[in-house]
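Spelled out from the first residue to the last, the chains are:
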Amino acid sequence: MATETTDAPVGACVDAGGYALGMPQLCADWIPNQIFWLILCLVAIYFVMSRVALPRIGAVLAERSGTITNDIAAAEELKQKALEAEEAYNKALSDARVEANKIVVDAKTDIQTKLDAQLAKADEKIAAKTAESQKAIAEIRAGAEKSVVEVAKDTAKEIVASMGGKADARTITAAINARMKG
Amino acid sequence: MATEGKEEGGLVFHPLDQFIVKPLFGDGAVAWYTPTNVTLWLAIALLCTVLLFVVGSRGRAIVPSRVQSIGELIYGFIYKMVEDVCGKDGIKYFPYIMTLFVFIFLSNYLALIPMSYSPTSMIAVTAILGFGVFFAVTILGFVLHGTKFLGLFWMSDAPVILRPIIAVIEVISYFVRPVSHSIRLAGNIMAGHAVIKVFAGFAALTLVSPVAILGITAIYGLEVLVCGIQAYVFTILTCVYLKDALHPAH
Chain S
661 MATETTDAPV
671 GACVDAGGYA
681 LGMPQLCADW
691 IPNQIFWLIL
701 CLVAIYFVMS
711 RVALPRIGAV
721 LAERSGTITN
731 DIAAAEELKQ
741 KALEAEEAYN
751 KALSDARVEA
761 NKIVVDAKTD
771 IQTKLDAQLA
781 KADEKIAAKT
791 AESQKAIAEI
801 RAGAEKSVVE
811 VAKDTAKEIV
821 ASMGGKADAR
831 TITAAINARM
841 KG
Chain R
4 MATEGKEEGG
14 LVFHPLDQFI
24 VKPLFGDGAV
34 AWYTPTNVTL
44 WLAIALLCTV
54 LLFVVGSRGR
64 AIVPSRVQSI
74 GELIYGFIYK
84 MVEDVCGKDG
94 IKYFPYIMTL
104 FVFIFLSNYL
114 ALIPMSYSPT
124 SMIAVTAILG
134 FGVFFAVTIL
144 GFVLHGTKFL
154 GLFWMSDAPV
164 ILRPIIAVIE
174 VISYFVRPVS
184 HSIRLAGNIM
194 AGHAVIKVFA
204 GFAALTLVSP
214 VAILGITAIY
224 GLEVLVCGIQ
234 AYVFTILTCV
244 YLKDALHPAH
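Residue numbers (this note's numbering), protein chains in the order written: chain S, 661 to 842; chain R, 4 to 253.
Watch out, some of these pointers could steer you wrong.
[Said to hold, decoys possible] Far from chain R by the CB rule (all over 10 Å, computed), these chain S residues:
id	residue
1	Ala-680
2	Ala-756
3	Ile-771
4	Gly-803
[To be verified] Which stretches of chain R does chain S cover? Using the computed rule of at least three CB atoms under 8 Å from a CB of chain S, they are:
id	region
5	51-59
6	70-82
7	119-126
8	173-184
9	193-199
10	210-216
11	232-238
[Unchecked claim] Not everything, but these chain S residues come out facing chain R in the computed CB check (under 10 Å):
id	residue
12	Trp-697
13	Ala-713
14	Ile-763
The set of hints was computed from the structure by calculation and includes no laboratory data.
Positions of the beta carbon are idealized from the N, C-alpha and C atoms, including for glycine.
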């Protein structure tokens, strides 16, 4: 209590022991001080926010979303490219298959025509050979007939002679001719 | 009160002493310019703002650091709030609302540090914030819409007989806004801190001290919630009032 006089300059809101009298919130002595420093602090925070922090964070967020969008777009593009490549691959595969089939068919027809030609040629040769052989056989046969007639005449003349008859050449020939016909 | 406490044998309650404004250097009268404990904790709030939003984001990293991502989280949260409540044309007031939110949020949480000072528990501080919002929004409403801003009080879709009555109620509620806006914040923070102090006073009695410590812990946990919620409530109400100024038609 003795110190009351020395504490008096502290204000009307604090008692001698340094304890609050009533609500410190309502102490009129302190209000201008709080208002002054509060406004100073708010202005400072506002300038920090509006000049430095918010544009920077906004830029970072925009950049991030931009990067993400770009990356997604790039991924989409790459996917499209992969699909196109797959399509091209499939097309090339089916083209190659068609081409192969065509080549096979071509080769088959080629072989067939060649084969046919060779066969025809061979047939021709065979026919020619056959005809030649036929002719030779006919000649041989004709030759053989003539020989048979001669041999038969001679044999018949000899037989007749040996049997003691006189063989008339004309009769024998006629007889043999008749036999040969028969 | 002090002598009373001494007589009761150590059970001393001075729950409001934590709100006393003291000069930082020496002890004289508190003039309007004297650096006080209020100044100190306002400066710490400012420092935390700088650390969180400027130093934290100095890397401008696409993949954010931890502090940067907290800053971005708060930015995104308030940005979305302003956009959702006020619409696209409210975005240009985003820095002001962000300033309010960050200041209240940081002051509330810094006040939870033992031995700290809580500027947002002072009615002078919150009244400046609340009336600042009130005057800014009212002036903005008249600047943007002229006398059409008064349409805010005239319910054109109500029955004609009821319109004057509703207008009176609307006007009264409009002028009560800054009062409730500021007292809500100061009251919540002050009450929480005072209750913690009361529990702390009971801790002097050996018999009840475990209960008192438990009580302090419980109220502290509650205060952690209240600090965030009050910052959020103050900000979203500011957005709602701003919306009224931007789009006064009901």
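For which of the previously enumerated hints does the structure constitute a violation, in increasing order of number?
1, 8, 9, 10, 11, 14
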